[in-house]
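Participant: Sequence:
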Amino acid sequence: MKPVVRKFGKRVRQLRVEQGLTQEALGDKSGLDMTYIGRIERGEQNTSVIAAEMIAKGLGITLEQLF
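Note that the sequence shown covers residues 1 to 67 in the numbering used here.
For the record, the hints were derived by calculation from the structure and aren't laboratory data.
Please note that the accuracy of each hint is not assured.
[Said to hold, decoys possible] Restricting the straight-line Cα-Cα distance to at most 20 Å, the calculated cross-link-like pairs of lysine to any residue (SDA-like) are:
1) Lys2 <-> Gln19
2) Lys29 <-> Thr47
3) Lys57 <-> Val17
4) Lys10 <-> Asp33
5) Lys10 <-> Phe67
6) Lys29 <-> Arg13
7) Lys7 <-> Tyr36
8) Lys7 <-> Ser48
9) Lys7 <-> Gln23
10) Lys29 <-> Gln19
11) Lys10 <-> Leu21
12) Lys10 <-> Leu63
[To be verified] Simulated DEER-style distance windows between Cβ atoms:
13) Lys10 <-> Ser48: 24 to 30 Å
14) Pro3 <-> Asp28: 16 to 22 Å
15) Arg11 <-> Asp33: 16 to 22 Å
16) Ile50 <-> Lys2: 15 to 21 Å
17) Val17 <-> Glu44: 14 to 20 Å
18) Glu64 <-> Val5: 16 to 22 Å
19) Gly31 <-> Arg11: 17 to 23 Å
20) Gln65 <-> Val5: 26 to 32 Å
21) Gln14 <-> Glu53: 15 to 21 Å
22) Phe67 <-> Arg42: 15 to 21 Å
23) Asp28 <-> Lys2: 24 to 30 Å
24) Pro3 <-> Val49: 17 to 23 Å
Cβ coordinates follow ideal geometry from the N, Cα and C atoms, glycine included.
Can you make the complete structure from the sequences, with help from the hints?
Facilitator: Quick look at the structure:
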């Protein structure tokens, strides 16, 4: 995957860990499967803007804050 995909995944993981959430909990809050969250965090999954917005909402932040 491209460096930007890995960078985005690291950002998701950082914010999730800061909030004390598991991948499963973030998946539940965002409406996404925890395996999808894991693939994003490992930089294996290029995500859509819609999924990124769902993750941001699950984290209780704006899309801008996520990026």
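Participant: Now tell me if each hint is right for this structure.
Facilitator: Now for the hints, and whether the structure bears them out:
Under the criterion of a C-alpha separation no larger than 20 Å, the hint pairing Lys2 with Gln19 is inconsistent with the structure, at around 27 Å. Distance restraint check for Lys29 and Thr47: the Cα-Cα separation of roughly 17 Å lies within the 20 Å cut-off, and the hinted pair is therefore satisfied. Between Lys57 and Val17, the direct Cα distance comes to roughly 16 Å. Compliance with the 20 Å bound is thereby established for this hinted pair. The suggested pairing of Lys10 with Asp33 holds, with an alpha-carbon distance near 18 Å, which does not exceed 20 Å.
Distance restraint check for Lys10 and Phe67: the Cα-Cα separation of roughly 11 Å lies within the 20 Å cut-off, and the hinted pair is therefore satisfied. Taking the CA atoms of Lys29 and Arg13, the gap is near 15 Å; set against the 20 Å cutoff, the hint holds. For the hint linking Lys7 to Tyr36, the alpha-carbon distance of about 16 Å falls within 20 Å, and the restraint holds. The hinted pair formed by Lys7 and Ser48 meets the criterion: a straight-line CA distance of about 15 Å does not exceed 20 Å.
Proximity of Lys7 to Gln23 is assessed by CA-CA distance (about 17 Å); at most 20 Å being required, the pair is judged to hold. Of the supplied pair hints, the one linking Lys29 and Gln19 holds, its CA atoms being roughly 12 Å apart against a limit of 20 Å. Among the hinted pairs, Lys10 with Leu21 is consistent with the structure: their alpha-carbon atoms are about 15 Å apart, no more than 20 Å. Our distance criterion of 20 Å between C-alpha atoms is met by Lys10 and Leu63, whose separation comes to about 15 Å.
Separated by about 18 Å at the C-beta atoms, Lys10 and Ser48 break the suggested range of 24 to 30 Å. The hinted range of 16 to 22 Å is not satisfied by Pro3 and Asp28, whose Cβ atoms lie roughly 29 Å apart. The hinted range of 16 to 22 Å is satisfied by Arg11 and Asp33, whose Cβ atoms lie roughly 19 Å apart. Range check, Ile50 to Lys2: Cβ separation about 19 Å, and the 15 to 21 Å hint holds.
Distance hint check: the CB atoms of Val17 and Glu44 are about 18 Å apart, consistent with the given range 14 to 20 Å. Distance hint for Glu64 and Val5: a CB-CB separation of about 19 Å, consistent with the stated range 16 to 22 Å. Distance hint check for Gly31 and Arg11: the Cβ-Cβ separation is about 19 Å, which falls inside the suggested range of 17 to 23 Å. Range check, Gln65 to Val5: about 19 Å between beta-carbon atoms, so the 26 to 32 Å window is missed.
Evaluation of the 15 to 21 Å hint for Gln14 and Glu53 yields a pass: the beta carbon distance comes to about 18 Å. Checked against the given bound of 15 to 21 Å, the beta carbons of Phe67 and Arg42, roughly 19 Å apart, stay inside it. With their beta carbons about 29 Å apart, Asp28 and Lys2 fall inside the hinted range of 24 to 30 Å. A hinted range of 17 to 23 Å for the beta carbons of Pro3 and Val49 is consistent with their spacing of about 19 Å.
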